[in-house]
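There are 2 protein chains.
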Amino acid sequence: MNCINGFVSCYFVFLKLFLFTFIELEKQFTLLKFKLENIDATTGARSGRLKLAHGTVETPIFMPVGTQGSVKTLSPQELEDIGSQIILGNTYHLYLRPGEELIRQAGGLHKFINWKKPILTDSGGYQVFSLAELRKIKEQGVRFQSHLDGSYHDFTPESVIHTQRCLGSDIMMVLDECAPYPCSLNQAIQSNQLTVKWAKRSMAAYLSSTPQFEYEQTLFAIVQGSSYPEVRRESVRQLIELDFPGYAIGGLSVGEPKQIMYEITALCTEMLPVQKPRYLMGVGKPEDIVEAIGLGVDMFDCVMPTRNGRKGTVFTRNGVLVVKNANHKDDFLPIDPECNCYSCRNFSRAYIRHLFKAEEILGMRLASLHNLHFYLELTRSARKAILENRYQNWKQQFLERYFADLNSR
Amino acid sequence: MNCINGFVSCYFVFLKLFLFTFIELEKQFTLLKFKLENIDATTGARSGRLKLAHGTVETPIFMPVGTQGSVKTLSPQELEDIGSQIILGNTYHLYLRPGEELIRQAGGLHKFINWKKPILTDSGGYQVFSLAELRKIKEQGVRFQSHLDGSYHDFTPESVIHTQRCLGSDIMMVLDECAPYPCSLNQAIQSNQLTVKWAKRSMAAYLSSTPQFEYEQTLFAIVQGSSYPEVRRESVRQLIELDFPGYAIGGLSVGEPKQIMYEITALCTEMLPVQKPRYLMGVGKPEDIVEAIGLGVDMFDCVMPTRNGRKGTVFTRNGVLVVKNANHKDDFLPIDPECNCYSCRNFSRAYIRHLFKAEEILGMRLASLHNLHFYLELTRSARKAILENRYQNWKQQFLERYFADLNSR
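Note that the protein sequences, when read in sequence, are chains A and B.
Anchor point for the first sequence: position 104 equals 104 in our numbering, and the numbering is continuous, going up by one each time.
Anchor point for the second sequence: position 213 equals 213 in our numbering, and the numbering is continuous, going up by one each time.
Calculated directly from the structure, the hints in this document are not laboratory data.
One or more hints might be untrue.
Identical chains share a label here; the pair holds if one copy fits it or two copies do between them.
Derived EDC-like pairs: lysine to aspartate or glutamate, alpha-carbon spacing no greater than 20 Å straight-line [unchecked claim]:
id: 1; residue 1: K357; residue 2: E100
id: 2; residue 1: K357; residue 2: D149
id: 3; residue 1: K311; residue 2: E359
id: 4; residue 1: K329; residue 2: E101
id: 5; residue 1: K258; residue 2: E287
id: 6; residue 1: K329; residue 2: E359
id: 7; residue 1: K197; residue 2: E101
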């Protein structure tokens, strides 16, 4: 009997080991589906293809922001029409409202919001530190009060992975601590140490949990370290050791001078593994995106196209235009005569201005749609230039024209 | 010489007479393009085809309201997708902002707002009496203060025709005085007398003016007389004498009991010329539309589908549903499982409720789109029943189901 029992135990131990190894390998396989296509001849710009559960994303890419499960004012159909390949959702917001359990019941965020292509969910780290009240950070996690009703909540690296499992996003993000700008060196070091510890726990939670739905999810780490090069380097080094499938650069575009943003971005992309995707969080203006692509960034998100659109500010090849202003009162040109979006094919600046003056929602829609189309066209066009090894020229031409009006003043 | 001069004068007098007659005939021709197709076997319900400069409208029809040159929250493309055949604009609102001259410069309202199908413009009479401040009515016209900035303006029957010429609407409406409910018999009589006088002047202004653009416009009169049958009869009699291409019934749905609304409508449709279209202004709820179709009304407009939609109230075959309410928190059914609109094909009540709670504009869009689709489907379905001489049955079935939930409580 003992012999048989021993054999059975042994069998199960081996089976478990075998299965574990298999699952690990399988996970590693799903983690490594970024194919670098080309690195531009004279800049650091890269083009690639990121294979995710809900489709392949062609990089460099701009990702429209759908914080609360809706890219503000727009429908999923419109997002598809302008060529969106991946959109963002926000863990902090969706956790608070409508709640992870409701979205899980709906079959995940994709089904809930009717978006069939990939979704990346931010961890909520940034929102806890920018929106929530009375937050208390401990090694274990962060306790905060909801900005909606003041109720208390706890986020830990593990809970945030769990929430994102319920959301079923294609790309999950680790919980991080985003230091404010400016902050002391000591603050930057401590904040980064915590972020790295949390990243380690996030990876463990990721590996030990399984998807709620019938597809794989992947996980990106977030580099922090404020404006201190040495802290940033340390952050990158430690996160690389954890071997994440992708890396985000966080804590930029939070008020620092442009030059610092570019320098820190360059420092990070130089150190990050070439074969893995890089995502510059929350950046930014068209000129910033164009610069950062040149430094080797693959993915971007920013609320600017939708937020500015809702306020009547639009982006054109010839720079920014405040369509709400009086000088467009009888301006019957489209927002951008060379643009091919629904807004520009069908409506004049005069009409869109009227909509804003009359507080008609269609104005916000048309401006948001155009702006997102502009951003997507920007990364599409950049990608084409990279594939043809002429990124430097493309970038110069874009910037010259974009700032021509400004420079001629 | 005298003889030749006399001959030339004579020639011009005859030419002028000939041209005038020709133009008059031509105008009469363009005025009478309503083809009555069928009158239902057992009710007064009618189906017809109204040929206008921008297309043919199949009646009975519901007309979405685009007061300020936009059907609130929706795009022209969406309006077309749900089968809108004609929409409304409002002379009072568009005159004040962006102004008739700007719209004339844009090539008319159709081009300005990019709507290629017919447009009916209300005269602004109702708005002057409901929105404007400090109005002063004289026989000549009405002086009022803009609700936007307090500036003074004058509307006369002639000026309102001129404004609608600048807008280039397919159907123009005469300036009328809409009496409040309740009002004294004397008030009703006086208000109607003024409205009839204005209608006469409107017709003269119409006949003596020419379109600003390359297409014909038509003109409808408005029956007034409050809740007094004899005043209503007098109104209809006098307006019929003026031989308008179409007649609207105004001054209803302003707070009077439902029974009065139906009685006055019946009284008007019985007297109005069979061969001309009838338009019941500002009415109303689905049950009101269904009743009024049975009484022989062809055209309807109401802000209810869009206004209620923006507040989270939606119409379904089984009655009204407040999608914003807590009982739809985890309700994963579409608004109306039998509905074929974009909202119902793609989104759950739970998601739309979330959008309303999170104050996301897409919620208002999806509810407005569904509601307008519901109203358009209602008149489409009614029209089919009329063509098949089964309106009474159809109406009963619709109402029974629509109120079943209410009755079972």
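Against the structure, the hints:
no.: 1; hint: K357 x E100; result: between (39 Å within a copy, 16 Å between copies)
no.: 2; hint: K357 x D149; result: between (33 Å within a copy, 13 Å between copies)
no.: 3; hint: K311 x E359; result: both (11 Å within a copy, 16 Å between copies)
no.: 4; hint: K329 x E101; result: between (49 Å within a copy, 12 Å between copies)
no.: 5; hint: K258 x E287; result: within (10 Å within a copy, 62 Å between copies)
no.: 6; hint: K329 x E359; result: within (15 Å within a copy, 30 Å between copies)
no.: 7; hint: K197 x E101; result: neither (27 Å within a copy, 66 Å between copies)
Hint violations for this structure: number 7 only, all remaining hints satisfied.
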